[in-house]
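Q: Sequence:
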Amino acid sequence: MITEYVADGGRLVVQPGLGASGARIVWIDLLDPDRDEEARVEELHGINVPTREDMEEIEVSSRLFSEDGALFMTAILPSQADGDDPELLPVTFVLSKDTLVTIRYHRPRAFETFPARAAKVSMGCDTGEGVLVALLEAIVDRLADILEHDGREIDAISRRIFRKSEEKVMKGADLQDVIEAIGRKGDLTSNIRDSLVTLERVAGFLGQQTLQKKSPRDLRERIKTLSRDIRSLADHASFLSQKITFLLDATLGLINIEQNAIIKIFSVAAVVFLPPTLIASIYGMNFTHMPELDWLLGYPLAIGMMIVSAILPFAYFKRRGWL
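Numbering (my numbering), first residue to last: 3 to 325.
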């Protein structure tokens, strides 16, 4: 699907019918394009639209390069990031003269909110460069929102783990749920960090190119601010990753404590019942001459010895605070 936008006083207006008005197009958005749509854009703008396989190349030289006067920049962007399982796919930005061409095969939220906002408010979208910078700012804002939401949920997990002592202590099933939640948040944060790394490279590459082309000063300043915002978000994502690692270690520590408590119970039980077992074993031997067997009080005496021998170790452990 092809969507074309024209500039109107710094705002974006959807072109009614592809190329119908003859106005200068500043942004062409290709969503899951077929070969005919790619060929049309290539013919009108003289660029080679990268294939999906080209976009998925991980080499920096394959993601950031200049060809025939056009800049090709590819970043990894998330979609469906409201949950813990976002879809991460590459998006290619092609800046050819004064027209921006975006090629994507999924629906990041920024590509839906940005055109709607740019149609109402002037965001400096008079040129392809202006549209690209404004679109990158919207993408970074979206990633910031995702990290903020992620951070709040990580704080909720932290409160769940380190609850007050008078509240109910988590047991095995709860701890398993916590580990699964931590794993999901770790994957989400890792994906956002990967996206921010690619965006930082795009912003750096774009900044160098605009500096060489001597683009307007305000545009260069916006790119610098964009780069700083991306770095700060990357640092925040690293902080969240460290916190997730800490929470995972803490949860595993709680599991170890619970397992140790169970083992301690069995150990104490073994020690408590060892003396009565010894007494019962002695009087269970089948020797012919055992005087105690003829005593009138032999049986209750043996029972009493077993009870006392079980109570004494238990009382000792209790006094030492081992129980």
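No wet-lab data here; the hints were simulated from the structure. C-beta: ideal position from N, C-alpha, C; glycine also. There could be a bad hint or two in this list.
To be verified - Simulated restraints, written as ranges between beta carbons of each label pair:
(1) 165 <-> 302: 29 to 37 Å
(2) 301 <-> 185: 53 to 61 Å
(3) 309 <-> 192: 34 to 42 Å
(4) 37 <-> 160: 31 to 39 Å
(5) 26 <-> 179: 50 to 58 Å
(6) 5 <-> 147: 42 to 50 Å
Q: Hint compliance check: list the failing hint numbers for this structure, sorted ascending.
A: 1, 3, 4 and 6
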